[in-house]
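In my numbering, the protein residues as written are 555 to 781.
Please keep in mind that the hints were generated in silico from the structure rather than gathered at the bench. Every residue, glycine too, gets a C-beta built ideally from N, C-alpha and C. Hints may be right or wrong, so weigh each one.
DSSO-like mimics (lysine-lysine), calculated; alpha carbons at most 30 Å apart, straight line [to be verified]:
{"hint": "1", "residue 1": "Lys667", "residue 2": "Lys598"}
{"hint": "2", "residue 1": "Lys557", "residue 2": "Lys601"}
{"hint": "3", "residue 1": "Lys703", "residue 2": "Lys593"}
Quick list of the computed label-pair ranges, beta carbon to beta carbon [stated by the list, open to error]:
{"hint": "4", "residue 1": "Asp645", "residue 2": "Asp570", "range": "26 to 34 Å"}
{"hint": "5", "residue 1": "Lys556", "residue 2": "Ser671", "range": "17 to 25 Å"}
{"hint": "6", "residue 1": "Lys733", "residue 2": "Asp653", "range": "23 to 31 Å"}
{"hint": "7", "residue 1": "Ala641", "residue 2": "Glu615", "range": "17 to 25 Å"}
{"hint": "8", "residue 1": "Asp707", "residue 2": "Asp570", "range": "49 to 57 Å"}
{"hint": "9", "residue 1": "Lys627", "residue 2": "Lys556", "range": "38 to 46 Å"}
{"hint": "10", "residue 1": "Thr628", "residue 2": "Glu568", "range": "20 to 28 Å"}
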Amino acid sequence: MKKKEIKILLVDDEADILEIVGYNLTQEGYQVFTAENGKEAVQKAKKHIPNLIIMDVMMPEMDGMEACEIIRKTPELSNTIITFLTARSEDYSLVAGFDAGADDYITKPIKPKVLVSKVKALLRRLKEDEAVTENLNVGDIVINREEYKIVKDGVEIILPRKEFELFYLLASKPGKVFKREEILDKVWGNEVVVGGRTIDVHIRKLREKIGEDLFKTIKGVGYKFEL
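From just these sequences and the hints, can you work out the full model?
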């Protein structure tokens, strides 16, 4: 996918953020749309079907968390990457962001050039999604790469993009021990700097959502990770 075909929705109630970040992304060749609150973000997301949404958390009318949850329930936006860009850096905010369905969580302040690098890393996932769409079968577990879901005994388990990608990575290499640095590179991209707690949060959420027994089953057939 060429840059001029990539659509990014930038959502923030601060005009300066929309102007500065929007300008830098436009200069990179992306199509950039903007919204000033969560309600408007949902409307524009449904209208433009962006590849990436960069969204603030604290906004009037509808906050970013609620908007993210609504977007995640919209079928035509199932493949849209969502990252929060917010000044809130508390652990509970990070967890809440992932629970709402976000793929990443970036804290302000951040230099525009650094943000552009993070955006490029996030968008690399689009190329990988196009290249890898086959299902992965592990025993009676089917991991659907195209629809981002896991099927266990006929029951579908839907995961946010980053949780799915982490799970898919662990299940894709029998007998391989994944180190923290490799997980960051494969799932988040080596241009994106995220804290170690990000991996820990995703592992914990995976255990909660797919069940400890299923997680142990994956590990029990030779899949390991090293944190």
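Evaluation of the provided hints:
1. Lys667 x Lys598: Holds - the C-alpha atoms of Lys598 and Lys667 are around 25 Å apart, at most 30 Å.
2. Lys557 x Lys601: holds, 20 Å
3. Lys703 x Lys593: holds, 27 Å
4. Asp645 x Asp570: 26 to 34 Å: holds, 28 Å
5. Lys556 x Ser671: 17 to 25 Å: holds, 19 Å
6. Lys733 x Asp653: 23 to 31 Å: holds, 26 Å
7. Ala641 x Glu615: 17 to 25 Å: holds, 19 Å
8. Asp707 x Asp570: 49 to 57 Å: With Cβ atoms ~51 Å apart, the hint holds.
9. Lys627 x Lys556: 38 to 46 Å: Taking Cβ atoms as reference, Lys627 and Lys556 lie about 30 Å apart, which means the hint is violated.
10. Thr628 x Glu568: 20 to 28 Å: Given about 25 Å between the Cβ atoms, the range holds.
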